[in-house]
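Participant: Sequence:
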Amino acid sequence: MNQIPDHTLIERCLAGQRDAFGLLVERYQNRLFHALMHVLGSAEDAQDAAQDAFIQAYEKLASFRGQSQFYSWLFRIAFNRAVTEKRKTKRMSTSLDRQRESNGMEPSDANPASEPSYAMDVADRQRRVQQALAELSPEFRTALILKELDGMSYEEIADALDIPVGTVRSRIHRARLELRDKLNALLQSDVL
Numbered sequence: 025m026n027q028i029p030d031h032t033l034i035e036r037c038l039a040g041q042r043d044a045f046g047l048l049v050e051r052y053q054n055r056l057f058h059a060l061m062h063v064l065g066s067a068e069d070a071q072d073a074a075q076d077a078f079i080q081a082y083e084k085l086a087s088f089r090g091q092s093q094f095y096s097w098l099f100r101i102a103f104n105r106a107v108t109e110k111r112k113t114k115r116m117s118t119s120l121d122r123q124r125e126s127n128g129m130e131p132s133d134a135n136p137a138s139e140p141s142y143a144m145d146v147a148d149r150q151r152r153v154q155q156a157l158a159e160l161s162p163e164f165r166t167a168l169i170l171k172e173l174d175g176m177s178y179e180e181i182a183d184a185l186d187i188p189v190g191t192v193r194s195r196i197h198r199a200r201l202e203l204r205d206k207l208n209a210l211l212q213s214d215v216l
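So the sequence shown is numbered by our numbering: it starts at 25 and just counts up by one.
Hints should not be assumed to be uniformly reliable.
Unchecked claim - Once the Cα atoms are required to be at most 25 Å apart in a straight line, the calculated DMTMM-like pairs of lysine to aspartate or glutamate come out as: (1) 84 x 180; (2) 171 x 76; (3) 84 x 186; (4) 171 x 30; (5) 84 x 148; (6) 84 x 35; (7) 84 x 50; (8) 110 x 180; (9) 171 x 69.
To be clear, the hints were calculated from the coordinates, so they are not data collected in a lab.
As the structure is a prediction and not an experimental result, all values here were calculated from the model.
Given only the sequences and the hints, what does the whole structure look like? Please build it.
Facilitator: Here it is as structure tokens:
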């Protein structure tokens, strides 16, 4: 079965077919939630931002001009809402344990026949990566997450963040360098 293109669903929605927007929500809700969860560090905040983004996108759908992909436009709405909310509340989630509890994701052992310490090693590596990722500046972290975890192209990230493609490339490059340095520092501190 062929998937109905976004632009067709948008046209149908603007013509009064509300269920067409529901199809867009179904298509993008998981992707948006996961991207926001990595950016915001909290499943609850990501859920709120995603829900608000869909409401705002529905209300402003007539202003969507199709110059970017629908998901990029939607992500920009969600990201801007999340940044605004973070500025208002000035909350920074630094506890990895709280993040793990709030998003319900625990590291899992991919090979049940492996050594008992394998799951602990995986969890430790994930904790270190999450810790290093959390220490990156928000603009570097966001660009890197959109590229590496959400699989967006440089152009899609530029559209989503409303910045030039060159800035996206620079932020991702710098984020990778900083992440590498932070992970090396974490590994060296454990050896000492």
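Participant: Hints first: check each against the structure and report whether it holds.
Facilitator: Okay, the hints, checked on the actual structure:
| no. | hint | in the structure |
| --- | --- | --- |
| 1 | 84 x 180 | 20 Å, holds |
| 2 | 171 x 76 | 23 Å, holds |
| 3 | 84 x 186 | 17 Å, holds |
| 4 | 171 x 30 | 22 Å, holds |
| 5 | 84 x 148 | 44 Å, violated |
| 6 | 84 x 35 | 13 Å, holds |
| 7 | 84 x 50 | 18 Å, holds |
| 8 | 110 x 180 | 23 Å, holds |
| 9 | 171 x 69 | 21 Å, holds |
When each numbered hint is compared with the structure, a violation occurs for hint 5 only.
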